[in-house]
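Chains as they are written, first to last, in our numbering: chain A, 1 to 353; chain B, 1 to 335.
Since the hints were derived computationally from the structure, they do not count as laboratory data. Heads up, the beta-carbon is just placed ideally off N, CA and C, and yes, glycines get one too. Errors might be hidden in some of the hints.
List of simulated lysine to any residue pairs, SDA-like, C-alpha gap at most 20 Å [stated by the list, open to error]:
(1) 92/A with 41/B
(2) 19/B with 14/A
(3) 58/B with 96/A
Which residues of chain A face chain B? A partial, calculated answer using Cβ under 10 Å [unchecked claim]:
(4) 8
(5) 10
(6) 12
(7) 13
(8) 14
(9) 42
(10) 45
(11) 48
(12) 53
(13) 55
(14) 62
(15) 93
(16) 102
(17) 105
(18) 345
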Amino acid sequence: MNTTGKYFDGKQSQPQQVEIVFDADSNLLQIRNDNFSISWAISEINYEKIGSMLEIRIKEHSDEFLAVTDTEFNQIFIQHLHNTKDVGVYKKLLHLSFRKHLFIFAGLLTLLVLGYIFLVPFIAEKSVILIPQSFDKHIAKLALTNFGFETDSTKSVLLNEFADNLELKNQIDLNFKVVESGIINAYALPDGTIIVFTGLLDKMDNYEQLTGLIAHEVSHVNNRHSMKMLCRNLSGYIFVSALFSDINGIMAVIAENAHNLNTLTYSRKFENEADQEGTMLLIQNGINPRGVISLFKMLQKDEKDYRNFIPEYISTHPYTKNRIENIEKIIREQSFAGRQKPALRRLFRELKS
Amino acid sequence: MEESITQEQQEQQEQQVPKTYELKFFGKGSEYFSILIINWLLTVVTLGFYYPWARARKLQYMYGATALNDDRFAFHGTGKEMFRGFIKVILFYIVLVVILYGAVFLSEGGQNMTIYWTGFLLFYALFFAVFPLMIHGAYRYRMSRTSWRGIRFGYRGKKGELYGNFFHWLGLTIITFGIYSPWMEINLRKYLVGNVRGGDAKFKYSGDGANLFLIYLVGYIATIFTLGIYSFWWQKNIYNYYIDNISVDKDDTPIKLKSTVTGGGLLKLFLVNLLITVFTLGLGYAWVEIRTKKYYTENIKLWGYIDLDTLQQTEDIYTDATGEDATDFFDIDMF
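Given only the sequences and the hints, what does the whole structure look like? Please build it.
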């Protein structure tokens with residue numbers, strides 16, 4: 001097979017028009033014009049194809065090379081190279097059709113998304129076991145230094161006493177703190193510190209509601225939800241940014257946002273888990289778990305103003321209505337003997353005063 | 001005798017006739033997309049270790065798609081070379097991180113101020129100390145690994161000279177609270193570009209710090225007053241000031257560069273790129289990059305007398321990619 005091309009000798013920039021003879025049988029490439037004639041062993045040469053241009057070099061990255069623009073020749077010649085010698089993984093892959101490249105892309109994307117959904121949370125949650133409890137304490141200390149609220153020591157003592165009357169199945173020491181603030185909320189920190197704002201206490205009108213809240217928050221601590229969340233967020237973030245920033249920045253940003261959205265649903269999973277285990281704790285303590293429901297119903301009144309605008313998927317806490325339904329289901333399935341707890345009632349009254 | 005004189009005259013006359021030069025960019029979005037996908041696949045499969053090879057492939061494509069008078073440029077850097085540099089850069093980075101975190105840790109979170117600040121200063125001192133080294137290495141490698149018609153480019157700057165100059169200019173920039181920085185930029189360019197060779201052709205940069213200062217000043221103010229719209233024209237001025245002051249010289253015959261990039265052109269480029277990105281959810285990135293490269297490349301016009309058939313191979317081969325990798329790692333745009 002014959003064609004023409006430009007030959008560069010790697011010493012000067014003057015191109016030399018040459019005739020190229022490609023002989024598949026002898027596996028030789030002959031390059032000649034009126035002034036000279038050379039032949040290259042095809043087993044030695046290296047090629048680079050960019051668009052319609054083929055560059056044949058006597059060895060990889062040599063300055064001496066041949067440029068051919070004859071598309072028919074290029075196609076046959078490249079095919080011959082792929083058939084007769086090892087051109088490397090990269091060129092083999094690149095030689096595939098555009099459609100196959102799209103297919104590779106789609107396949108890889110699917111695998112990564114599946115890995116993200118199933119593998120990352122699994123590994124992250126399992127890896128929590130490897131993290132020592134001391135690290136939880138360290139994280140909690142960090143969170144508390146940025147907290148910036150004053151604790152009410154008298155009420156905190158009372159709340160701790162209140163919790164001492166319950167069997168909470170905790171593996172680490174619990175430390176309750178009451179904070180003077182209008183915020184209607186409570187937090188559980190990974191080291192066993194549980195913060196309850198007076199805004200929430202004020203809303204309560206019986207001790208069963210308070211036991212419900214405590215059981216819920218303690219379940220977060222018992223399951224190391226904060227640490228699981230941290231591991232999950234971090235590993236998910238590393239996974240997403242490492243694998244997607246290679247392709248490009250915009251894809252990485254999209255993937256990161258999807259990850260953030262997913263994190264929210266993940267925290268809903270934890271809330272449900274804490275609701276469920278909290279309810280079980282109450283039942284085991286012989287406390288009427290309906291206190292939790294009345295607490296939720298009371299909170300629901302406050303929520304109504306704004307929560308309805310936020311779709312369930314992107315709200316951190318599941319709809320209170322759903323949570324109530326879930327708890328009622330557990331209560332129906334379990335039998336319990338609710339007894340009055342005078343000690344708790346007394347402590348609750350003192351807390352409220 | 002008479003005949004030879006007329007021949008000389010004829011040659012001289014020939015030299016007076018401007019030659020034609022044309023820069024073209026042949027890159028295609030679909031081709032580049034394929035490269036990115038394969039790179040992605042191999043990078044994921046090798047847990048990231050393919051990165052230097054992937055980078056070499058991208059550069060090879062971009063250079064190979066650029067043509068001067070229909071002959072392509074070529075980038076000869078290899079993954080192996082870049083991998084070696086990559087490892088060195090990572091090691092250096094680990095040292096930096098250890099110093100920084102070590103300082104925070106040993107000073108017990110900044111309570112011991114002496115240890116804290118010593119660590120901090122050491123961190124910055126080290127980073128700045130390797131900065132000229134990084135630029136020097138990057139230029140030497142990139143130029144040596146670039147060729148056109150088989151003729152290698154080269155960078156002949158001296159490490160020691162660059163060190164002296166760099167800290168001299170940096171000092172002036174610090175003393176003047178940054179006002180000197182456009183002059184520093186121009187001086188640095190003059191040094192770097194002035195030491196570039198394309199075979200036996202010499203590159204030269206002839207800008208002036210005061211002009212660049214004005215471009216920055218006007219650009220900054222006008223961008224604020226036009227709510228950002230002027231930024232495209234600002235960008236145009238910066239790019240054109242860079243290109244228009246580059247010239248090439250061989251045996252006292254020159255080629256001059258002139259950019260025809262316009263503010264409107266950049267605005268259009270940005271808007272279309274934005275649309276492509278948004279409507280493809282980022283998948284059109286390959287096309288965006290190719291369009292951008294094409295616009296900037298094909299708007300460089302060359303004019304002059306150098307006969308490009310007469311370039312000679314003069315520059316050494318240099319295969320240490322550490323500087324190249326470092327500028328990539330720390331995201332410093334040198335070229």
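Evaluation of the provided hints:
1. 92/A with 41/B: Distance ~13 Å between residue 92/A and residue 41/B Cα, so the pair holds.
2. 19/B with 14/A: Holds, at about 15 Å.
3. 58/B with 96/A: 18 Å, holds
4. 8: At about 4 Å, which falls below the 10 Å cut-off, the nearest Cβ of chain B leaves the hint on residue 8/A intact, so it holds.
5. 10: 4 Å, holds
6. 12: 5 Å, holds
7. 13: 4 Å, holds
8. 14: With a minimum Cβ separation of about 4 Å from chain B (threshold 10 Å), the hint on residue 14/A holds.
9. 42: 20 Å, violated
10. 45: 15 Å, violated
11. 48: 6 Å, holds
12. 53: 6 Å, holds
13. 55: 7 Å, holds
14. 62: 8 Å, holds
15. 93: Hint holds; residue 93/A Cβ to chain B Cβ min 5 Å, cut 10 Å.
16. 102: At about 8 Å, which falls below the 10 Å cut-off, the nearest Cβ of chain B leaves the hint on residue 102/A intact, so it holds.
17. 105: Holds: closest Cβ of chain B sits about 5 Å from residue 105/A, inside 10 Å.
18. 345: Where the cut-off is 10 Å and the nearest Cβ of chain B is about 46 Å from residue 345/A, the hint is violated.
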